Amino acid sequence: MLHLYALVRNPAELPDAFGLDEAPLRAFPVDGEVDAVVSDAGRRRAGAPTEAEVLAHARVVDAIAAANTAVLPARFAADTSAEDDLRGRLLERRAQLRQALERVDGCVELGLRVLPSERNAERSAPASGREYMQRRLDEIGRVERLLRELHEPLAALARESTSNVLARPDVLLTAAYLVPRADVERFRTEVDELHRAHGTVVLVLTGPWPPYSFTLVEGETS
Amino acid sequence: MTSNSPSLQQDVALIELVDRVLNKGVALTGDITLSVAGVDLVYVGLRLLLASVGTLEQLERE
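In order, the protein sequence lines correspond to chains S and C.
Just so we're aligned, residue 1 is where the first sequence starts under our numbering, counting upward by one.
Just so we're aligned, residue 1001 is where the second sequence starts under our numbering, counting upward by one.
Some clues are possibly wrong.
[As the list claims (entries may be wrong)] Among the chain S residues that face chain C by a calculated CB cut under 7 angstroms, a handful are:
id: 1; residue: Ala52
id: 2; residue: Val54
id: 3; residue: His57
id: 4; residue: Ala58
id: 5; residue: Arg59
id: 6; residue: Pro73
id: 7; residue: Arg75
id: 8; residue: Phe76
id: 9; residue: Arg89
id: 10; residue: Leu91
id: 11; residue: Gly111
id: 12; residue: Val204
id: 13; residue: Thr206
id: 14; residue: Tyr212
id: 15; residue: Ser213
id: 16; residue: Thr215
Everything labelled a hint here was simulated from the structure, so no lab data went into it.
Just so we're clear, the structure is a prediction, and the values are computed from it rather than from any experiment.
Note that the Cβ used here is the ideal one computed from N, Cα and C, for glycine as well.
Extracted from the complex, chain S is given alone in its bound form (with noise of 0.2 angstroms):
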């Protein structure tokens, strides 16, 4: 059984790290461009991973990033695949893998949080139906801006981008950005300007990331 990290292209440079349960790192060849790179499951049990797990997974991943121009992280898979299965599964998709290896090639991912700088939690509760329509009505307007304001400015630096608004309560925005390489210093000052410009809101960047939100291409549902 098998625990798969990520997919490159063929031949996949394996870096100097171990897997989970400090198991080698293989390349297990799809086809003839593609390569997953995996290690054996031994004895680790399906089912949710511990967060040393999800933590080694990542470790691993990022250091595949290290030594290959285009990765496609894999998400943590709760069972194991025999080897047959997986080869099978990569297989049906692989001309939807080679088109995502080519997108990101070259690529990081960086992330951004957009959280209130203050509570808007603690407010009290609305004294009609009429001013909570108006607080929602208010509250949609800003997202708006914010997507116009900051989201539209970074996504024109960026290959590819996603975003979701008001994902929780407590976050505004969400957004992942496809950056190249040599793109992630002037994506940074960016950033950093559009802090300084908006003072009612914290913008929290991350990264650089393997592309885990950029394995999808067209046409493909998650």
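For chain S, the structure is supplied; the task is to place chain C on it using the hints.
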């Protein structure tokens, strides 16, 4: 208020990491919903994050 506060940055980075590893990336073995452990991790992370935002405000006031 700054995006460079190390603890806020760290908390957000942890949440973003867990979210990526469990919810993003290529999924081949069917629909992997966020595991119970994952939900807990993300939730704990968010509480940490919110606590940090509060701490920052407090520091600014002082």
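| message | Are any of the numbered hints broken by this structure? If so, which, sorted upward? | response | 1, 5, 10
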